[in-house]
Amino acid sequence: MGGKNTSEGEYPFIVGIFYKNKYICTGTLISSRHVLTAAHCFASSESQTYLNKKCGENTECLQKYLGKNKKEKCQTGYLHPKRIIRDYEIGFGSHQLSKMKRLKLETIDPNYQQFFHSGCHQNDLAILTLALDGNEKTRPYVCLSYTKDFNIRGTGATTLGWGKDQKVAIHETLQKLYVFNVLSMDECSKSWKPFPIDGICVKEMSDMNSCDGDSGGPLIAIQKEGSIYRYILLGILSFGTDCQNLIENTKPETAVYTRMDFYQQKINEIIGWKNENFDEFDFNGIY
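In my numbering, the protein residues as written are 59 to 345.
Please note: incorrect hints may appear among the correct ones.
Straight-line distance between alpha carbons at most 27 angstroms, and here's what the computed DSSO-like set of lysine-lysine pairs gives [what the hints assert, rightly or not]: (1) Lys248 with Lys131; (2) Lys324 with Lys282; (3) Lys112 with Lys234; (4) Lys111 with Lys131; (5) Lys129 with Lys80; (6) Lys234 with Lys128; (7) Lys309 with Lys78; (8) Lys126 with Lys248; (9) Lys112 with Lys122; (10) Lys126 with Lys195; (11) Lys251 with Lys129; (12) Lys162 with Lys234; (13) Lys162 with Lys140; (14) Lys128 with Lys140; (15) Lys126 with Lys140.
Label-pair distances were calculated between CB atoms; the ranges are [claimed, not checked]: (16) Gln106 with Tyr287: 46 to 56 angstroms; (17) Pro139 with Glu245: 33 to 43 angstroms; (18) Glu306 with Gln133: 40 to 50 angstroms; (19) Glu245 with Ile305: 44 to 54 angstroms; (20) Cys119 with Tyr287: 46 to 56 angstroms; (21) Gln121 with Gly67: 45 to 55 angstroms; (22) Lys112 with Gly67: 42 to 52 angstroms; (23) Arg211 with Lys251: 12 to 22 angstroms; (24) Arg144 with Asn193: 17 to 27 angstroms; (25) Lys157 with Lys251: 36 to 46 angstroms; (26) Arg211 with Gln172: 22 to 32 angstroms.
Hint data in this document are derived by calculation from the structure and do not stem from the laboratory. In this text, a Cβ means the ideal position worked out from N, Cα and C, and glycines have one as well.
Input sequences plus hints: build the corresponding full structure.
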């Protein structure tokens with residue numbers, strides 16, 4: 059809420075995620091065929107949590123999965139990959155939901171289930187592979203940070219999504235919101251205990267914040283490499299204070315994003331980028 063309308067073509071690597079023809083989450087293209095979003099976008103209200111089924115009240119079993127976390131945060135289970143491939147579509151090609159082209163999924167990497175296996179404390183990341191449609195050479199995408207000397211702490215960034223505000227449940231036009239800096243881990247830990255080890259955070263504001271419908275949306279910044287400036291993906295939205303509570307004067311805390319550099323090597327392996335420094339990678343499609 060409190061964001062501004064984007065223009066057509068301003069962020070062409072942002073996609074909408076639809077479940078049974080209904081928009082539910084935001085995602086980001088990191089190659090012409092791969093989308094990153096939040097694992098919690100694939101929760102199932104029809105099933106009990108993984109740990110409830112796996113452990114019940116067995117304390118030793120729960121501790122094995124939760125680690126240092128004392129309680130499970132999950133409220134539901136998750137959808138099976140076959141159901142996700144059947145029922146989900148990715149919208150792209152426009153900043154307006156009603157004008158998007160839709161494309162089915164070929165696969166979802168099974169590691170999204172780790173979010174639910176950990177009690178929904180961390181690993182809030184899903185990697186989707188789009189079905190082939192003949193447009194792979196022209197579809198724009200965003201970078202992960204590919205140099206090791208980029209410090210995200212204190213970086214100004216932009217978050218994007220179609221989520222709700224005080225007046226609408228879902229925006230028709232993609233919204234952008236500038237956040238002044240990414241906070242340190244010490245500062246993040248003051249808002250949420252325990253704070254996820256794979257998280258980064260930014261300050262919330264009572265009238266400007268990511269909301270329901272923005273889940274999985276990106277936190278992006280501009281990185282300079284020589285004379286070239288590129289958008290890079292710092293994180294994807296995981297959780298924060300409920301916007302309705304902020305409207306009703308609940309104290310703002312921080313919005314938490316799954317940190318991409320924490321998973322960069324794993325992402326490279328999953329989508330077939332063999333060299334983590336991208337020495338042999340063709341950057342022609344990067345926006």
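These are the hints, each one checked on the structure:
1. Our distance criterion of 27 angstroms between C-alpha atoms is met by Lys248 and Lys131, whose separation comes to about 18 angstroms.
2. With a CA separation close to 24 angstroms, the supplied pair Lys324 and Lys282 stays within the 27 angstroms bound.
3. For a cut-off of 27 angstroms, the pair hint linking Lys112 to Lys234 is broken: about 40 angstroms separates their Cα positions.
4. Distance restraint check for Lys111 and Lys131: the Cα-Cα separation of roughly 15 angstroms lies within the 27 angstroms cut-off, and the hinted pair is therefore satisfied.
5. As the CA atoms of Lys129 and Lys80 are separated by approximately 32 angstroms, the hinted pair breaks the 27 angstroms bound.
6. Between the alpha carbons of Lys234 and Lys128 the distance comes to roughly 36 angstroms, so the proposed pair goes past 27 angstroms and is violated.
7. With a C-alpha separation of about 35 angstroms, the suggested pair Lys309 and Lys78 falls outside the 27 angstroms cut-off, and the hint is violated.
8. For the hint linking Lys126 to Lys248, the alpha-carbon distance of about 17 angstroms falls within 27 angstroms, and the restraint holds.
9. Using a Cα cut-off of 27 angstroms, the hinted pair Lys112 and Lys122 holds, with the two alpha carbons roughly 11 angstroms apart.
10. Under the criterion of a C-alpha separation no larger than 27 angstroms, the hint pairing Lys126 with Lys195 is inconsistent with the structure, at around 45 angstroms.
11. The hinted pair formed by Lys251 and Lys129 meets the criterion: a straight-line CA distance of about 11 angstroms does not exceed 27 angstroms.
12. At roughly 26 angstroms between alpha-carbon atoms, Lys162 and Lys234 fall within 27 angstroms of each other, so this suggested pair holds.
13. Straight-line distance between C-alpha atoms of Lys162 and Lys140 comes to about 12 angstroms, which keeps the hinted pair within the 27 angstroms bound.
14. Straight-line distance between C-alpha atoms of Lys128 and Lys140 comes to about 32 angstroms, which puts the hinted pair past the 27 angstroms bound.
15. Simply put, Lys126 and Lys140 have alpha-carbon atoms about 32 angstroms apart, too far for the 27 angstroms limit, and the pair is violated.
16. Range check, Gln106 to Tyr287: about 48 angstroms between beta-carbon atoms, so the 46 to 56 angstroms window is met.
17. The given range of 33 to 43 angstroms is respected by Pro139 and Glu245, whose C-beta atoms sit roughly 37 angstroms from each other.
18. A beta carbon spacing of about 22 angstroms between Glu306 and Gln133 contradicts the range 40 to 50 angstroms that was offered as a hint.
19. Checked against the given bound of 44 to 54 angstroms, the beta carbons of Glu245 and Ile305, roughly 24 angstroms apart, lie outside it.
20. With their beta carbons about 50 angstroms apart, Cys119 and Tyr287 fall inside the hinted range of 46 to 56 angstroms.
21. The hinted range of 45 to 55 angstroms is satisfied by Gln121 and Gly67, whose Cβ atoms lie roughly 50 angstroms apart.
22. Here the CB-CB span from Lys112 to Gly67 is close to 46 angstroms, well matched to the stated 42 to 52 angstroms.
23. Checked against the given bound of 12 to 22 angstroms, the beta carbons of Arg211 and Lys251, roughly 20 angstroms apart, stay inside it.
24. The beta-carbon spacing between Arg144 and Asn193, approximately 22 angstroms, falls within the hinted interval of 17 to 27 angstroms.
25. Between Lys157 and Lys251 the CB atoms are about 43 angstroms apart, so this pair conforms to the stated range of 36 to 46 angstroms.
26. The hint said 22 to 32 angstroms for the Cβ distance between Arg211 and Gln172, and at roughly 26 angstroms that hint holds.
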